[in-house]
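K.L.:
Each chain, letter by letter, is given below.
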Amino acid sequence: MIGDFLDSLSESVERLGDTIRFLVRILVQVPSAMLRPQLIFDQIYNAGALSLVIIMLSGLFVGMVLGLQGYDLLQRFGSEDALGTAAAIGLVRELGPVVTALLFAGRAGTALASEIGLMRATDQLSAMEMMAVDPVRRVVVPRFLGGVIAMPLLAAIFSMIGIYGAQLIGVQVMHVDAGSFWSQMQASVELRDVNEGIVKSVVFGIACSLIAVYQGYYSEPTAEGVGTATTRTVVTSAVMVLFLDYLITAFFLK
Amino acid sequence: MRDRGPAALGTDTTTVNSTSAIIDLRAVRYSVGGRVIFDDLDMQILPGQVTAVMGPSGTGKTTLLRLITGQAAADAGSIDVGGVAVTRASRSQLYALRQRMGMLFQNGALLTDISVFENVAFPLREHTRLPERLIRQLVLTKLQSVGLRGAAALMPAELSGGMARRVALARAIVMDPQILLYDEPFVGLDPISMGVILRLIRRFNDALGLTSIVVSHDVHEITAVADRVFLLSGGRVVAKGTPQEMRDSPSDVVKQFVGGLADGPVPFHYPASDYFEELLARDGGRYA
Amino acid sequence: MRKSRALNLGTGLFVLLGFAALFFLTTQTTSHGLSFRSEPYYVVTAKFRDIGDLKVGAPVSMAGVQVGRVAAIGFDSQDFKAVVTMRIDDRFNQIPTDSSANIYTQGLLGGQYIGLSPGGAETYLKNHSEITFTNSALVLEKLIGQFLANFNKGSNSSSPSGGQPQ
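Residue numbers (this note's numbering), protein chains in the order written: chain A, 749 to 1002; chain B, 1115 to 1402; chain C, 46 to 211.
No wet-lab data here; the hints were simulated from the structure.
You can take every hint at face value.
Computed beta-carbon distance windows for the label pairs:
# : chain 1 : residue 1 : chain 2 : residue 2 : range
1 : A       : Q823      : B       : T1226     : 54 to 60 Å
2 : B       : G1264     : A       : P785      : 32 to 38 Å
3 : A       : V761      : B       : R1317     : 51 to 57 Å
4 : C       : R50       : A       : I768      : 37 to 43 Å
5 : A       : G975      : B       : L1375     : 36 to 42 Å
6 : A       : R763      : B       : P1364     : 50 to 56 Å
7 : C       : F68       : A       : G826      : 29 to 35 Å
8 : C       : I189      : A       : E762      : 55 to 61 Å
9 : C       : R50       : B       : P1305     : 40 to 46 Å
Reference excerpt, derived from the structure (chain B facing chain A, CB under 7 Å, subset only):
#  : residue
10 : Y1209
11 : R1212
12 : Q1213
13 : M1217
14 : F1219
15 : A1223
16 : L1225
17 : P1237
18 : E1240
No residue lacks a Cβ here, since even glycine has one placed at the ideal position from N, Cα and C.
Okay, chain A solo, but in the shape it has when bound (with noise of 0.2 Å):
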């Protein structure tokens, strides 16, 4: 029992190891991708413009629930008007970055991972390479770059959609004062409240894509393998962001 517990415990970092290996390998090739822009402009838009629905949903509903939660909890105190500080500060900080990396792991992480895993078990990156072409520097690092790129924009466009969620509830529903939910939340609201949340957005948006990339790339060639690719890639994602958060919140409210 408590061996397995070692053994997997063993296999994770060796895993970790394996995948921060892979990120090097990324980052040496990433100066010659950039000479084909336009792999890198595709790969933005399927991170991100095919996210861009299902991130403003979201952030819409996350929004009007922390107006709801926000109002009820703060009008105990009597302090409905800090309810723009309230929803400003949870979204940048916290709930835009994080939600949005766990929507994005599985939006757009588990597409990458199961297209470079079919790509592998269908022979197309041996294919590559058999072509003298490189399918890390041709297929791994425009989409690696498209996800790190398009998640701290994603992640700004959740809070953004939020707080105006936010303000609807607030101020439509519950009658906050316009004025005061604004010009509250921007005399409290700092720029290193901003700078947390877009550190955040940066740092689970390199986790995820090269989580997804690395579990797509070295997927076992088969069906199945492709499916154990995408779970692990959701699943592994979900659990670095929130310990990544864990640090990063530590690290700022030092």
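Please arrange chains B and C on chain A, whose structure you already have, making use of the hints.
P.N.:
Frame of chain A, contents of chains B and C only:
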């Protein structure tokens, strides 16, 4: 079929002089996860010929191609391809070598997200800076030679298995390689498509002055087109010669393979304990 | 090629929207922002003995209507007072010169803001004029301290100086 040129005439069963071989494998050993695939494998392939590599499933025929292209690394022995020592080559040397080679994968391995035209143009776009007009011309010429110029605008998903393989063949020759490798090119094809591929193998080999290696277990198809045949079994070459020599061979292994016999040196049964004993054993705990 | 152009357009729109959102977050949710509605304004100053935790960007209001914003907070080392610079909207250009400025708190835990109470003068505040009548922020700790001190002395005592407990 027409005369196969001077290189073909020089073929015989005696050991080939290593200096004339374009692909030269010596004492190659390769194993995966403790399972030995090749042990002391020797193989010399002559330029300008169609060489068939045959053998039962699971003898590592595809692995052989991966060793030749450097996609897999041998444990021991030397592999020399066109003057490059694959076993000791750096990554960039390997990539340079692969630009002189073409390979047809089992299912074609076309890139599914781009059209037929772009698939064939792919190596040109990656390795050359030719003007668009020239690329177009080259790609259409190659597609014409496999009879699929009309399918240039289709996506790979819209092609039949045989057509996909022909497109892949056009892609494999678009960089004018010296060596062309075929991995099981006949699997799952109808007789007409199979005949088309067979004819293309022969025609490209002779017209483009290629060296072709065809890995297959379709005995009749491949012996119709090959100049020389290697039969692999148990991790080594068990027989080699012209197709006619193979048919006349007295060897049991060759007879079993060429004749398609169920049992022989390659056993029908996977190694197991005695059947009678196992039936007598009280519980089937071994499978639990 | 048409397909790839549509795709690039989509990518471009997405990236623009993303950067717009980033811009929104950095400028509109924080006080760092240039306000989009940058209407004409004029500047007045006021000196306070204590501004509590009034912040740049806090609203300035009259009778509950926001008329401007705190633009800057400085310190006058001559008389040890805080100098608060306010931007008042040009629309509200008839504020009497003898108006007073008070620092209030929004709710119990809310932020602080400046409330202007109109005086009776016939002249109005102009650009760079100073509001001389000010009341400092209500600082809870001080208030409690004074309350306890007075409580110990007895029931009859003077009201706490500095601010009106309102």
